[in-house]
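There are 2 protein chains.
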Amino acid sequence: MSPADLRERVDKALHEFLQRAVAPLAGISADLAPFGAVTEAFVLDGGKRLRPAFCYWGHRAAGGEDSDELIRAAASLELLQACALVHDDVIDSSDTRRGSPSVHRRFAVIHRRQGWHGDPEAFGSAAAILLGDLALIWADTMLAESGIGVDALQHAFGVWDAMRVEVMCGQYLDVVEQARGGGSVERALRVARYKSAKYTVERPLHLGAALAAADDALLAALSEFGLPIGEAFQLRDDLLGVYGDPAETGKPAGDDLREGKRTVLVAYAIESANDAQRETLRRLLGDPALDEDGVTILRDVIDATGAVRRVEGLIDERYDHAQRALQSPLIDPGAADALRDLAAAATRRAR
Amino acid sequence: MSPADLRERVDKALHEFLQRAVAPLAGISADLAPFGAVTEAFVLDGGKRLRPAFCYWGHRAAGGEDSDELIRAAASLELLQACALVHDDVIDSSDTRRGSPSVHRRFAVIHRRQGWHGDPEAFGSAAAILLGDLALIWADTMLAESGIGVDALQHAFGVWDAMRVEVMCGQYLDVVEQARGGGSVERALRVARYKSAKYTVERPLHLGAALAAADDALLAALSEFGLPIGEAFQLRDDLLGVYGDPAETGKPAGDDLREGKRTVLVAYAIESANDAQRETLRRLLGDPALDEDGVTILRDVIDATGAVRRVEGLIDERYDHAQRALQSPLIDPGAADALRDLAAAATRRAR
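Protein sequences appear in the order of chains X and V. Its first residue numbered 1, the first sequence is counted upward by one per residue in my numbering. Its first residue numbered 1, the second sequence is counted upward by one per residue in my numbering.
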């Protein structure tokens, strides 16, 4: 199954589920129409569908069969992700996501267009918080109603619950780390592990494998691959957040710098900076009014500290470790090939 | 089983679950300690445990037996309620809940005490959004791990999912109604139905009954009781929000007026106001700086329009309808007695 085919099937499953889930809202009140429409637009518009792909191939790695039921279960991860992203954008006051206005911005526009009372931004945040809650609930419903048998679902609920708790804890640790002002490579790596590595790769693999009743040995083998790839994915994302092309990241250039995200990249930069560099970092990082020149200065300083090279080194190490882990005799060879491709795509390495 | 005994068992179940749920957080990071502690403090500190009580008696009404498993399943509703309240307080920027600082205020205090960077209020909201998400996830886990058999749980998941969607939709309709400036009795009643009547009474009854594999006829009989009592409960709450004793409501006097809550009470007042009264309502309702005199003026104007009397009339009508519904031969007589008491307590009627 090609990545494009898988993506198409996941999108179709999401579309069908949301059609069904949104329909009863019209019976409650016509006022709920934007609530359903924005959810659908957000969930169906873009996204690499990485988590469903890891879930699918985790299932195949454990010897499970392809099925539409599996695709639906895997696709439910995108609704969980929608909750995480929508709430994250409220928390960070981000204006854009995937190149479009963030959900709270969309609702602020609805408020203005209707000429309603009160602060449009406050309305937008309120609606986005509730829409995120709804996405979290629907994720659950989509998994439970995927058509997968009750026994297989019972195997998976433990992973599902752990994953959901871990991502919220990771998000909180991230918020704390920003508040603390960062500076610790160890803490930044822990945030990357919980917010991304486990949530984006390891747990989706486990979820798919658990749905095939995988044993602990296989789950451990998948972790040997998934955790390093997940960390490498986040480290790559941190680099793209600073040096990436906005056309590709869907976020304005320098947004992560304006926000002052306390990533491993930034922790390395602070650690290795000389006095002048540290002063520049202190002054510009997290300045919401940072202009293009400021972005360029920061990019150059971070690079000059050697932080970019060190992060690339971490990515390489993790990528190599994960490649070796795929040679485990426990992992189905066809699935291992697909996971090798996914790992390359997620971390931008030639296969 | 007395209401006090039931409350005690529910509290014990919540305490035990949270001990178990919070424990793994320490293994992720010591930084998560306040995350667990605030959740526990919020969930275990007060609350009338109305929803678990309706769930419990819905189960007994359907002929189900008392069990610790049932108590755990019923108690999970308090975690869902924690999510709804914590997110609601963020949305309304409420400073207090149950007489104590709201969750986002508690985290703002932690931020200040630590001397962290950035805006303490923004940190507080971020933490409260994530804590609410966690409570929503834990609600699910607590129900699934209640010890109730898989077959019985399967009966209940449909109710559980519908209830969770309904409460979020009700909250959104409430936010829209505030933004619109209210004035429609019909729309205010719809908000009360979804935000409260279904969520607080009807669906908890159905959840308990579904766990005893109740048929549609019994669910319908419970709705005949639950919907009117739930609406009466919300109408009483609206009156208490304006005329209640702060020592009892846990909120400063006049908070609902300062917030400009668009309740059925307010819709009636606007509908029946003369020109001078309408002007006073327009000027003072929703004024965040409203002082004690302003609160008194508004209270008097709302009462003078006859709105209080009309709301009391709606409560009476609904209370009487619900009482008659309890005579259904489908409802276990012992459970009907307990539901009669609960209905009186929730709506403050002498039995």
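Treat the hints loosely; a few may be bogus.
Only some residues are given here: those of chain V computed to face chain X with a beta carbon under 8 Å [unchecked claim]:
hint: 1; residue: Ala37
hint: 2; residue: Val38
hint: 3; residue: Glu40
hint: 4; residue: His87
hint: 5; residue: His117
hint: 6; residue: Phe123
hint: 7; residue: Leu134
hint: 8; residue: Met168
hint: 9; residue: Cys169
hint: 10; residue: Leu173
hint: 11; residue: Ala179
hint: 12; residue: Tyr194
hint: 13; residue: Leu240
hint: 14; residue: Tyr243
hint: 15; residue: Arg283
hint: 16; residue: Leu284
In silico contact screen, one side only, chain X against chain V (beta carbon under 7 Å); selected entries [to be verified]:
hint: 17; residue: Gly27
hint: 18; residue: Ile28
hint: 19; residue: Leu32
hint: 20; residue: Leu136
hint: 21; residue: Phe157
hint: 22; residue: Val175
hint: 23; residue: Val176
hint: 24; residue: Tyr243
Source of the hints: derived by calculation from the structure; they are not laboratory data. Yeah, the Cβ is synthetic: ideal placement off N, Cα and C, and Gly gets one too.
Grab the minimum C-beta distance from Glu40 (chain V) to chain X and call the hint holds if it beats 8 Å, violated otherwise.
violated (15 Å)
Closest C-beta approach of Val176 (chain X) to chain V relative to 7 Å, hint status:
Interface hint status for Val176 (chain X): holds (5 Å vs cutoff 7 Å).
Given hint His117 (chain V) near chain X, where the shortest CB pair must fall under 8 Å
Holds. Min distance 5 Å.
Under the criterion of a CB-CB separation shorter than 8 Å, is Leu284 (chain V) in contact with chain X as hinted?
violated (14 Å)
Going by Cβ atoms only, is Tyr243 (chain V) closer than 8 Å to chain X?
At about 24 Å, which exceeds the 8 Å cut-off, the nearest Cβ of chain X leaves the hint on Tyr243 (chain V) violated.
Does the interface hint hold: is Leu134 (chain V) within less than 8 Å of chain X, judged Cβ to Cβ?
Check passed: Cβ of Leu134 (chain V) comes within 5 Å of chain X, closer than 8 Å.
Restraint outcome when Leu32 (chain X) is required to lie within 7 Å of chain V by C-beta distance
This interface hint holds because 6 Å falls under the 7 Å limit.
Would the hint on Cys169 (chain V) stand, with a C-beta cut-off of 8 Å toward chain X?
holds (5 Å)
Phe157 (chain X) was flagged as interface toward chain V. Is the shortest Cβ-Cβ separation under 7 Å?
holds (6 Å)
Holds or violated: is the Cβ of Tyr194 (chain V) closer than 8 Å to a Cβ in chain X?
holds (6 Å)
Given His87 (chain V) was flagged as interface, is its beta-carbon under 8 Å from a beta-carbon of chain X?
holds (5 Å)
Status of the hint placing Ala179 (chain V) at chain X (closest C-beta pair under 8 Å)
holds (4 Å)
Checked against the numbered hints given earlier, the structure breaks hints 1, 2, 3, 13, 14, 15, 16, 17 and 24 and satisfies all the rest.
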